[in-house]
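Q: Chains as they are written, first to last, in this note's numbering: chain Z, 1 to 283; chain H, 1 to 283.
Keep in mind that the hints are not guaranteed to be accurate.
One copy or any two copies: either way a pair holds, since identical chains are not told apart in the list.
In the BS3-like style, the derived pairs of lysine-lysine whose C-alpha atoms are separated by at most 30 Å in a straight line are [said to hold, decoys possible]: (1) K137 / K249; (2) K28 / K249; (3) K166 / K201; (4) K201 / K238; (5) K232 / K249; (6) K67 / K195; (7) K249 / K155; (8) K202 / K13; (9) K249 / K154; (10) K231 / K155; (11) K238 / K202; (12) K249 / K238; (13) K67 / K166; (14) K231 / K249; (15) K249 / K171; (16) K231 / K120.
Rather than coming from a laboratory, the hints here were simulated on the basis of the structure.
2 protein chains.
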Amino acid sequence: MLRVPEHQVAGHKAIDGVLGPLVDDSGKFYKPLQSDHRGSNEATFYETLSSIPDNIRSFFPVFHGIKEVEASDGSGLHPHLVLEDILAGYDNPCVMDVKIGSRTWYPEAAEEYVRKCLLKDRESSSIHLGFRISGLKSVGPSKQDPSSCWQPHKKFLQSLSADEVKLVLSKFVSSDGNADPDSAFACEVFMPVLKQLLELKKWFEVQTIFHFYSCSVLVVYEKGERVMNGKKAGAVVKLVDFAHVVDAKGAIDHNFLGGLCSLIKFVQDLPSGVWESVSEDEC
Amino acid sequence: MLRVPEHQVAGHKAIDGVLGPLVDDSGKFYKPLQSDHRGSNEATFYETLSSIPDNIRSFFPVFHGIKEVEASDGSGLHPHLVLEDILAGYDNPCVMDVKIGSRTWYPEAAEEYVRKCLLKDRESSSIHLGFRISGLKSVGPSKQDPSSCWQPHKKFLQSLSADEVKLVLSKFVSSDGNADPDSAFACEVFMPVLKQLLELKKWFEVQTIFHFYSCSVLVVYEKGERVMNGKKAGAVVKLVDFAHVVDAKGAIDHNFLGGLCSLIKFVQDLPSGVWESVSEDEC
């Protein structure tokens with residue numbers, strides 16, 4: 001039985017007759033294969049995932065192939081990428097989708113596409129910050145209290161100033177939904193996030209296989225306890241959306257790397273309270 | 001007595017009635033102040049240099065103020081920035097000018113300027129590599145032999161592929177002008193270059209004061225012995241051209257940082273012969 005994902009924060013949603021992603025109860029995510037080159041490009045990318053080193057491959061959703069399933073828009077059977085559902089197993093997930101890179105268009109793109117992307121990059125925070133937040137959802141300690149859910153509007157999130165990003169990040173990891181975060185809690189969330197972002201950065205400093213355009217970093221954590229393999233599970237960083245991955249032709253992905261470093265700097269710059277209990281070595 | 005610099009590899013040259021930079025015998029470089037906002041912007045930047053940490057300030061030419069001197073185009077007295085002449089004291093300098101960043105236009109620029117820069121970024125290697133080589137001059141061991149001087153055409157340099165960059169870098173540090181460099185010699189040149197680029201990178205990962213658009217990294221070394229303070233002087237990395245430096249507004253300069261990391265990767269990827277005698281710690 002396929003259903004609409006409960007916690008999707010960016011992209012087309014499979015509601016009101018729109019073609020969008022679906023999930024099942026076994027932890028799989030069904031992403032409709034776009035009919036043009038974007039679909040084949042994303043499928044091809046997932047098929048080459050095995051060429052990526054093990055420690056980095058874990059940042060990508062597991063790929064289970066392509067399958068024809070009933071489309072959410074009622075148009076009948078449609079090929080879907082079958083992926084790991086990153087949010088399976090969460091009760092109260094807090095999710096943030098950050099589109100990385102000051103440039104979302106790739107060199108070989110059609111002029112009309114370049115024009116549209118450039119306009120969006122200039123209107124949003126991408127040109128200034130090297131990234132834009134595409135979606136965010138944060139829940140309070142109790143899921144039953146709807147007032148404790150914070151899901152700012154996309155238009156607001158996409159064009160934040162540097163100061164606003166700091167506020168939004170603080171609020172994303174606050175234990176009570178206020179902008180002044182509980183430092184122990186925020187540190188518990190952002191420590192593993194920072195560690196994972198720095199590991200990604202190391203890879204992007206050297207990899208000359210792919211250039212990732214319009215790709216997002218997804219940050220997910222459980223508001224409350226989440227146990228995995230008998231241990232409390234920490235925040236997770238994943239990469240999603242590979243419809244615009246192109247051949248690196250021998251150069252590093254300076255566009256992604258620059259944006260990633262910018263995001264890292266914001267995480268490191270969280271109000272001093274967040275990090276003050278943490279030693280230099282750990283952060 | 002002011003004269004035309006002998007080893008300038010990029011920018012307007014003070015010949016044939018053109019307004020361009022001049023040098024004197026005391027080691028000063030006179031850069032005509034552009035009459036529009038670019039001139040005042042560059043002057044303002046040099047005046048704020050003191051706010052930059054000592055170890056990083058040494059990457060910038062020393063600033064000696066603004067002075068009216070006879071312009072090279074015969075138009076009479078014209079205000080010039082008086083700067084350190086980076087090439088003073090060299091006999092056979094090899095020089096490379098690398099314009100850093102995949103984007104050379106800044107967010108607030110006029111539309112016509114954005115359009116022109118974007119076109120140039122797309123036609124050159126900037127979009128793909130995150131930088132373009134704006135000029136290069138390499139001399140053989142003997143200055144008296146003109147055949148030993150290699151100064152490729154700007155059009156060729158600006159639009160190199162990744163493989164061509166590797167060749168050009170190899171040739172830039174070869175002891176005999178061939179693309180297969182003498183590894184000991186090339187290592188001697190590029191070791192201090194890599195060290196300085198990595199130091200710059202560290203600063204760009206954290207500084208949120210300036211965004212440097214259309215700024216260049218200049219790499220200079222002496223083909224032959226150059227003694228400074230009784231010691232053999234190694235290759236030097238400098239930053240030049242600050243007419244388009246803007247307020248960072250709280251974000252790191254992801255555009256410059258990305259391009260810088262791309263250049264660093266090319267230096268690290270020089271043919272294995274260059275680095276094989278060098279331990280991991282040193283490189």
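Q: For each hint, tell me whether it holds in the structure or not.
A: Each hint tested on the structure:
1. Only between protomers do K137 and K249 lie at most 30 Å apart by alpha-carbon distance; the minimum there is 26 Å, versus 37 Å within a single protomer.
2. Within a single copy, K28 and K249 get their C-alpha atoms no closer than 33 Å, and across copies no closer than 42 Å, so neither meets the 30 Å cut-off.
3. In this assembly of identical chains, K166 and K201 lie within 30 Å of each other by CA distance both inside one copy and across copies; the values are 20 Å within and 23 Å between.
4. Taking the closest pair of Cα atoms, K201 and K238 come within 30 Å of each other both inside a single copy (13 Å) and across two copies (26 Å).
5. Proximity of K232 to K249 under the C-alpha cut-off of 30 Å is found in neither arrangement, the shortest distances being 41 Å within a copy and 38 Å between copies.
6. Taking the closest pair of Cα atoms, K67 and K195 never come within 30 Å of each other, the shortest separation being 35 Å inside a single copy and 51 Å across copies.
7. With identical chains, the CA atoms of K249 and K155 are at most 30 Å apart between copies only, with a shortest distance of 20 Å across copies and 35 Å within one.
8. For the identical chains of this complex, K202 and K13 are neighbours neither inside a copy (33 Å) nor across copies (41 Å), given an alpha-carbon limit of 30 Å.
9. Within a single copy, K249 and K154 get their C-alpha atoms only as close as 34 Å, which misses the 30 Å cut-off; across copies the closest is 22 Å, which meets it.
10. For the identical chains of this complex, K231 and K155 are neighbours neither inside a copy (38 Å) nor across copies (59 Å), given an alpha-carbon limit of 30 Å.
11. In this assembly of identical chains, the alpha carbons of K238 and K202 lie at most 30 Å apart whether taken from the same copy (15 Å) or from different copies (26 Å).
12. Taking identical chains as interchangeable, the C-alpha atoms of K249 and K238 lie at most 30 Å apart whether they share a chain (24 Å) or sit on different chains (28 Å).
13. Taking CA atoms no more than 30 Å apart as the test, K67 paired with K166 passes in neither setting, with 41 Å inside one copy and 43 Å between copies.
14. Taking the shortest Cα distances, K231 and K249 never come within 30 Å of each other, neither inside one copy (42 Å) nor across copies (41 Å).
15. For the identical chains of this complex, K249 and K171 are inter-copy neighbours only, at 21 Å across copies versus 40 Å inside a copy, given an alpha-carbon limit of 30 Å.
16. Taking the shortest Cα distances, K231 and K120 never come within 30 Å of each other, neither inside one copy (42 Å) nor across copies (54 Å).
Checked against the numbered hints above, the structure breaks hints 2, 5, 6, 8, 10, 13, 14 and 16 and satisfies the rest.
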